[in-house]
Structure formats: C-alpha cells, structure tokens
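Engineer: Protein sequences, first through last, are from chains A and B.
Read in order, the letters of the first sequence correspond to residues 1 to 208 in our numbering.
Read in order, the letters of the second sequence correspond to residues 1 to 304 in our numbering.
Please note: incorrect hints may appear among the correct ones.
With a cut-off of at most 20 Å between alpha-carbon atoms, the simulated SDA-like pairs for lysine to any residue come out as follows [said to hold, decoys possible]:
1. B/Lys74 to A/Ser117
2. B/Lys74 to A/Ser147
3. A/Lys69 to B/Leu101
4. A/Lys69 to B/Glu85
5. B/Lys74 to A/Leu149
6. B/Lys74 to B/Leu101
7. B/Lys74 to A/Thr150
Pairwise CB distance ranges, derived in the manner of DEER restraints [as the list claims (entries may be wrong)]:
8. B/Ala50 to A/Gln105: 54 to 62 Å
9. B/Leu53 to A/Val41: 32 to 40 Å
10. B/Ala26 to A/Phe193: 28 to 36 Å
11. B/Leu66 to A/Phe47: 42 to 50 Å
12. B/Ala50 to A/Asn141: 35 to 43 Å
What the hints contain is simulated information worked out from the structure, not anything from laboratory work.
Beta carbons are placed, not taken as given, at the ideal position from N, Cα and C, and that holds for glycine.
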Amino acid sequence: MNRFKHADPTLRGSGRFAPRATIGLMTWILIAVGIVLVLLVLAVVLFNRMVRLRNEVDTGWSNIDVQLKRRNDLIPNLVEAVKGYAAHERGVFEEVTNARAAMAQASTPGQAGAADSLLGMALGKLFAVAEAYPDLKASTNFLQLQSDLTDTEDKIAAARRYYNATVLGYNNAIQTFPALLFAGASGFRAREFFAADQGDRAPVAVSF
Amino acid sequence: MTLQQQIRSNRMRTAFVVVAFAVLIAVFAAASAVFMGRAGAIGLLAFGLAYGLFAWWNAGRMIGTLTHAHPLAKSDDPELYRLVENVSIAAGLPATPPIYLVDDPAPNAFAAGSRPSTVYVGVTTGLRKLMPPRELEAVLAHEIAHIRNRDVRLMTLAAVLVGVIAMISDFAFRMAFFSGRGSRDRNPVQLIAAVVALVLAPIAAMMLHMALSRRREFLADASAAAILNDPEAMALALRRLQLDTSEVAYADRATAHLFIESPTRSVKGPGAFLSGLFQTHPPLEDRIAALEEAGGFRLEALPA
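Next comes chain A alone, as it looks inside the complex (with noise of 0.2 Å):
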C-alpha cells in the first residue's frame, strides 16, 4: 500500500509534464504492482483459510478421541461383569480384547473405522452372549455398563458426523482450483474419513 502513495503524486506529475510513453510505463508498473499485491492478499486469505480447517478437522478427530477413549475404559468392566456369569464363554473374551487392543493402536482414521467396526461386532456378539443369562441382564451393574455404553457409542457416531463434516470441508478446499496449485507444496495433505459402520444412515446432501 505504501508503494501506491509513493507512486500516485509521480503519477500525476508525469500526467502533466512528461511525453506519453513514460505516463504508459508507469501505469503498467502500477498495474503489475496491483496485481501482484492482489495475488498475495489472496494467497494470505486461502492460506489462512485453509490453516483454519486444517484446525478444525484435528479438532474434530480430539472428539473422536476423547470419546473412543472412554469406551475402551469401559470395555474391561463390561467383560468382567459378563464373565462374572458366563466365564466359560472364553472365545468371544478374546476377540472383544483383541478388537480394543487393535483400537488402541490404530493411528489413522482409516485403521480406527476398520478397528471400530471390528469392536462394533465383537461387542454385538458380547451382548449375545449376555441375553442367554437373565441373571447377568438384570444386574444393576451390567445395566449400569451397558447404558453408558450405548450413550459413548451415540457420542461416538455424533463425533463422526462432525468429524467427516470437516474432513469434506477441509479437502474440498485444498483440491479446488487456486489452493491446489500450492497446497500440496506447503504441506496441506488430504484427510481420511472416519469410515460409518453398515447400520448408520447414507449421508444425505442438504441443499436447497
């Protein structure tokens, strides 16, 4: 900005004094200057915009997290309180620590949806095996367990809504046409989904 109140008394001067080929360089110097800083200013805007989703998708995956966390504290109760009751039933033990061990080592969003839906069925034959013990289903504790269970899982596919939501923003915008050309180059990768499990609704597209 400072170059153009340098520059605009010498234009004037030069509109009065000076032959016509200096007044045409010296617009066409402005000109190249005005573009430039348009170019930047944009760069400076795309730049910060994308910085900002960027943040917002981390953000997004902190509240997977958090909830994924919590429901891997709650697993170990969860078969406690089921082998209190049916210890025998040693096969389907194993492969809920297994699902939640390789939930825990997940690293990636796409490792973590692969994992969830794993543990997703694990837990499902868990709860099989809890219906046939009337004993075990009445029990406040396992109710207990249970309800809260099922409320991380609720958090967990609300976090993944917002958590996608961002990822399509975020990508959106680094692979559209001007942040493209230079996205890549400042380190601006695109990101996975959290994949859905087969029972959650197709995502649908509002628009009006």
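Fit chain B to the known structure of chain A by using the hints.
Structural biologist: For chain B alone, coordinates are given in the frame of chain A:
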C-alpha cells in the same frame, strides 16, 4: 443452493442488516438534531449506546426472566441432557450449553444469551412431553444450529438495537414536544422530514429484525437436518408443532423471535397482510416444504 452457500449468503445479509441498522441510527441522529441541536443528539446517542451495552451484557438473564425459564439440572432429566450433548458434539460446539426449562404446556423451544458463557437452550415442559426422542433431537439440533451459526448472538444484538432505536425515538419525541425552543425558525420541510424519520425508523428497525429472524429459521432447519443427517426428523418435528395450536404464556414481541415456532398465534383474515409484515417466523408449511425438497421425501398429507 448448498448449505455452505446458504450460510455465506446469510452472513452477507447479516452484514447488510447491521449496516442498515447503522444507517437508521444515523438518520435518527440527524432527525433528532433538528429538534435538539448537535449536543442534544450526541447526548441522546451516548445514552442509547450505554443502554444498549447494558442490555447486551444482561440479555441472557433478562430473557430467562421474561420467559420464566429456570435452569434444569442434569440429574433431573439425564435423557434430555444426553440428547443435547450428542447434538452439541455433532454440531462441533466446544461445550454443551445448559438447558433451561419453561413450565408451559405449549410445545416450543428457544436459545438465548449474548456470549458463549451465557448461552443456553430453553425447552418447554410441553415440548418435552409431546415429542418422541427423534423429533426432540431435531428440535434441539435446530436450537444448537442457531447457537453455532451465531444467530443467537445476532438476534440478541438485533433485539437490543430495536430497543435502542425505539427508546431514542420515544425520547426525541418528548424532547420535540416539550421544548419548542429553536424549532420555530427551522425550515418546515426539514421539520416534517425529521418527524417522518422519527416515526418510521422504529417501524423499519422492527421489520428488518423480523425479516432477519425469518431467514434464519430456514437456515437453522437446514443446519439441524445436516447435523443429524436426518431432514425427515426435522420436518416431522415441525409437523407436530404445526398440529399443536396452543400458545406460550410468557412470550411476547420481545422474545417471540427466539422460539423455534412463533409462540403467539398468527392473524388470519383482513389483518393478515399487515401481521405478515411483522411475523417473526415463516409459515411452518413453507419450512416443511423446504426440508422435503432438500431431503427428497414427502410427509404424508394432513387429514383435512
């Protein structure tokens, strides 16, 4: 139009409305300067600003008092709190807003508060009883969407601005009638223009405010549908509200725009056009139709 475009165009409108309010206040200041001189007009504006800031700061509490809402503890209704928590997570809010309960049989809900620390969701006991969980969640998502889209903040700001303009107008009128000093030697055209401005400004402010509120209802419906990934639930909830014709007892012009559906009944017949200008909410049929179009489904027709 996608949701993102809708949000963007809504932001533009918001900016437009704020500028329009600024222009209104400037017109106002000029009009009152005719009666009171420059010093009087500046004093009036300063007083209006102080009043506005005070109202802004206490808006959440004032609205709570006006609507007779009281805070609900999590242990009193864990199921409702779970729904609000889930919706807040899905909407990406940093924290779950507290719930306030309004003891009223008419089903309705609102969100209020000027700052993130004071914002809350108000629910009537009628809504809690009437709505099945899926639709209750949609209503809560609508309110959370208002909070996330910064509607609540803007609506509170608009309400405060309308209040400030109404108050300044009232004040300027009194000054004009009780102190005739200086007004006799002024140009009569200027004087008439000033009076017209003083009369029209509060009405214009009110209409702007209402128009703002009506647009935002469509956006909040669409946002709620996106948050839950379930436009049908939102439409079903609106249908249920449509079928219920009871009114909220402690709701009036000052708080009507905050609710999910108009808490006072709309006028039918000869006065309908005039009341249409001042309606805070678009007709529920229009909102349901917008959701049906967006989600690609049809609710069953109402039995006539």
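Engineer: Between B/Lys74 and A/Thr150, does the CA-CA distance stay at or below 20 Å?
Structural biologist: holds (18 Å)
Engineer: Is it true that B/Ala26 and A/Phe193 lie within 28 to 36 Å of each other by Cβ?
Structural biologist: The hinted range 28 to 36 Å is violated for B/Ala26 and A/Phe193, with Cβ atoms some 50 Å apart.
Engineer: CB of B/Ala50 to CB of A/Gln105, is that within 54 to 62 Å?
Structural biologist: holds (60 Å)
Engineer: Please work out if A/Lys69 and B/Glu85 have their alpha carbons no farther apart than 20 Å.
Structural biologist: holds (17 Å)
Engineer: Mind checking the alpha carbons of B/Lys74 and A/Ser117 for me, to see if they're no more than 20 Å apart?
Structural biologist: violated (31 Å)
Engineer: Is the hinted pair B/Lys74 and A/Ser147 satisfied, with a Cα-Cα distance of at most 20 Å?
Structural biologist: holds (16 Å)
Engineer: Between the beta carbons of B/Leu53 and A/Val41, is the distance compatible with 32 to 40 Å?
Structural biologist: holds (34 Å)
Engineer: Regarding B/Ala50 and A/Asn141, is the given constraint of 35 to 43 Å on their beta-carbon distance met?
Structural biologist: Violated: the Cβ-Cβ distance is about 59 Å, outside 35 to 43 Å.
Engineer: Hey, B/Lys74 versus B/Leu101, does the alpha-carbon distance stay inside 20 Å?
Structural biologist: Roughly 12 Å separates the two Cα atoms, so the pair holds.
Engineer: Using the Cβ atoms, figure out if B/Leu66 sits within 42 to 50 Å of A/Phe47.
Structural biologist: At 45 Å between Cβs, range holds.
Engineer: For B/Lys74 and A/Leu149, compute the direct alpha-carbon distance and say whether it is at most 20 Å.
Structural biologist: holds (18 Å)
Engineer: Could you grab the alpha-carbon distance between A/Lys69 and B/Leu101 and see if it respects the 20 Å cut-off?
Structural biologist: Distance ~32 Å between A/Lys69 and B/Leu101 Cα, so the pair is violated.
Going down the numbered hints, you'll see the structure goes against 1, 3, 10, 12, while the others check out.
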